[in-house]
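Visitor: From first to last, the protein sequence lines stand for chains Y and L.
Under our numbering, the first residue of the first sequence carries the number 14, and numbering increases by one thereafter.
Under our numbering, the first residue of the second sequence carries the number 14, and numbering increases by one thereafter.
Simulated from the structure, these hints should not be mistaken for lab results.
All C-beta atoms, glycine included, are put in the ideal place defined by N, C-alpha and C.
Where hints are given, some of them may not hold.
Covered by chain L, according to a simulated footprint, are these stretches of chain Y (three or more residues, beta-carbon under 8 Å) [unchecked claim]: (1) 125 to 132; (2) 292 to 305; (3) 326 to 334.
Facing chain Y, according to a computed beta carbon distance under 7 Å, are these residues of chain L, among others [said to hold, decoys possible]: (4) 39; (5) 219; (6) 257; (7) 260; (8) 263; (9) 267; (10) 269; (11) 271; (12) 273; (13) 279.
Below are the chains, spelled out letter by letter.
Protein chains: 2
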Amino acid sequence: MSSGTNHQVLLNSHPVGFPSDTDFRLVETPVPTPAEGELLIRTIYLSLDPYMRGRMNQGASYAKGVNLGEVMTAQTVGQVVSSKHNQFSEGDFVLSGNGWQDYAVSDGQGVRKLDPTVAPISTAVGVLGMPGMTAYVGLLDVGELKAGDNVVVSAASGAVGAVVGQIAGIKGCRVVGIAGAQKKCDYVTNELGFADCVSHRSETFPDDLKAACPDGIDLYFENVGGKVFDAVLPLLNDFARVPICGRIANYNMTGLPEGPNEVPRVMGLTLVRRLMFRGFIVFDHVARQGDFLRDVGGWIRAGELQYREDVVEGIDKAVGAFQGLLRGENFGKLLVRVSDDPTNRA
Amino acid sequence: MSSGTNHQVLLNSHPVGFPSDTDFRLVETPVPTPAEGELLIRTIYLSLDPYMRGRMNQGASYAKGVNLGEVMTAQTVGQVVSSKHNQFSEGDFVLSGNGWQDYAVSDGQGVRKLDPTVAPISTAVGVLGMPGMTAYVGLLDVGELKAGDNVVVSAASGAVGAVVGQIAGIKGCRVVGIAGAQKKCDYVTNELGFADCVSHRSETFPDDLKAACPDGIDLYFENVGGKVFDAVLPLLNDFARVPICGRIANYNMTGLPEGPNEVPRVMGLTLVRRLMFRGFIVFDHVARQGDFLRDVGGWIRAGELQYREDVVEGIDKAVGAFQGLLRGENFGKLLVRVSDDPTNRA
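Take these sequences, add in the hints, and give me the full structure.
Guide: Take a look at the structure:
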């Protein structure tokens, strides 16, 4: 742990298309000092998630963007270094929003204590955190999952997709994954119990997907958009539901695909097949957090739900790791270990 | 009433684009004779509805299409001429699916008796029939209407739209209609209590709609598609819902609009604004018929819900009336009076 120096990754310019190295700037600043009522948190794990690409854009998305020169936002797992806040003590493990930096001062708002004896602290930004809950509410509430549904999930081995597929399996559904690399497909079929998995990189991807879904698709959990969405569309059954969680393939688009404009066709199909498309964001579903932690926590403890983390070491690797995330290079929930995790002495 | 002759409108060719006169054929056949267990029904009112355009196409939509040489299908209100069916008697008024013809024989399946003392018999194919119930389930169930919603409905003075807007008003919503002709806009604002109505024929339509919806749109009841959909899209608020009931502007399209392909933009907006698009067909919601008849029947009796019929005289006018429907020329629920209505001696 560096003493006295805070490494920060700032947004240097709003990316146009794919974020380049120079859209970010790594700087060193003094470690801040907490005032009365504040606490200083050392970042241990920094969560990298696809939604961050939207925050890098100028202008509003569903959340405030990051301004130029500001520290990139992120959920983090950390440890309290010093506290002048009556609800936190030195040594506490906490979930907070430190962002892409070694240290942050907080007034305690939105900071949640973590008990390392209940679950590994890293899971608070993964399977038991925002990505896991995204899967839970997206599938059950937004997607109106029913037992027996033929479920397809894209980014199948990712932080959200892997949980989607396993919950669907637990709920009695047949699950087909879509992923890029063969090792990811092998993982979700061999380790996570998916019925099948197809690679969107295959030249025969639409046909492969069709073959993997002999009874069509009743629920498609949309994480990627692009050509994957196009291949799913004709396979949707009557009354299929499409919770739209992410569109990572489109996040770096600087223009629309060449015509014709398919909107009338998609909406016509929506009518005739009684489809539902519904966008959602996990933050709108906080009321379900208790249910989520009870259910998913229980499934993990019962060995019914697995998770996989892809941990990159060092905050200087954050930009490269995020670029890799947008290219689908991570394998499991992507984390940057910014400093030592004292709970993990393996 | 012609004795012995049954005028029938047959599908002569599958329309390509807008249906032409020669896509239909008016023929005379003998009036059929009911066998044991059957009844003969004289058509009084023939209901013309936009969904019929889909039935004229070759190949499947959500329902079986009409084959060449077959009588065009339609819901009808009629009277029993003779009955060898133990549940129907001569003189009974009934809702049935005679199609575009003077007479039909039925085995009683799907035939429902109508009590002319409860409501005018014509309403069984209108405000108290399929169009009214489409409005009811589309708005309340599919559209998840909430009090205070800013509601927009296209084809606002039509059989469905007029009921949508009035139910929304009863439920405490602000309603803006979209229609073509000025007299239709005047009708829905002056007679039906809509807050405002804009014409999609105006050159400034998108701006007019925006001005009429200062607080955006929380629920758009989609009847028309096309440019109206395009104008609505940017006005949709976070969490807006779009029940897709019809796309009449697109029914005669023979190709897709020139690019670029806007699907990624629409789906991106769906995610960021947490929109919902959901297609529906009233036949999937028969379980709600009791609720519908209780509620809408009650509102009509209480004078809270008005309806308007556009009655064309004579089966030989059916084709022209249907063409007019596709052009938006009808003003209210479109009916063809095929023969005398003995309950209406005005």
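Visitor: Against this structure, judge whether each hint is valid.
Guide: Outcome of the hint check:
1. With a threshold of 8 Å between beta carbons, the proposed coverage of the region 125 to 132 of chain Y by chain L is violated, since 0 of its residues qualify and at least three are required.
2. For the region 292 to 305 of chain Y, the stated coverage by chain L is satisfied: 4 residues place a CB nearer than 8 Å to a CB of that chain, which reaches the threshold of 3.
3. Counting residues of the region 326 to 334 of chain Y whose beta-carbon sits less than 8 Å from any beta-carbon of chain L gives 0, not enough to reach three: the coverage restraint is violated.
4. Interface restraint check: residue 39 of chain L against chain Y, minimum CB-CB distance 30 Å, threshold 7 Å, status violated.
5. Look at residue 219 of chain L: its Cβ only gets to about 16 Å from chain Y, farther than 7 Å, so that hint breaks.
6. Interface hint status for residue 257 of chain L: upheld, as the beta-carbon distance to the closest one in chain Y is roughly 5 Å, under 7 Å.
7. Because the smallest distance between the Cβ of residue 260 of chain L and any Cβ of chain Y comes to about 6 Å, under 7 Å, the interface hint for this residue holds.
8. Taking 7 Å as the C-beta contact cut-off toward chain Y, the hint placing residue 263 of chain L at the interface holds, the least distance being around 5 Å.
9. Among the interface hints, the one on residue 267 of chain L is violated; its C-beta lies about 12 Å from the nearest C-beta in chain Y, farther than the 7 Å criterion.
10. Among the interface hints, the one on residue 269 of chain L holds; its C-beta lies about 4 Å from the nearest C-beta in chain Y, closer than the 7 Å criterion.
11. This hint holds: residue 271 of chain L has a C-beta 5 Å from the nearest C-beta of chain Y, less than the 7 Å allowed.
12. Nearest Cβ of chain Y to the Cβ of residue 273 of chain L: about 4 Å, under the 7 Å cut. The hint holds.
13. For residue 279 of chain L, the suggested interface contact is upheld, since its CB lies about 6 Å from the closest CB of chain Y, less than 7 Å.
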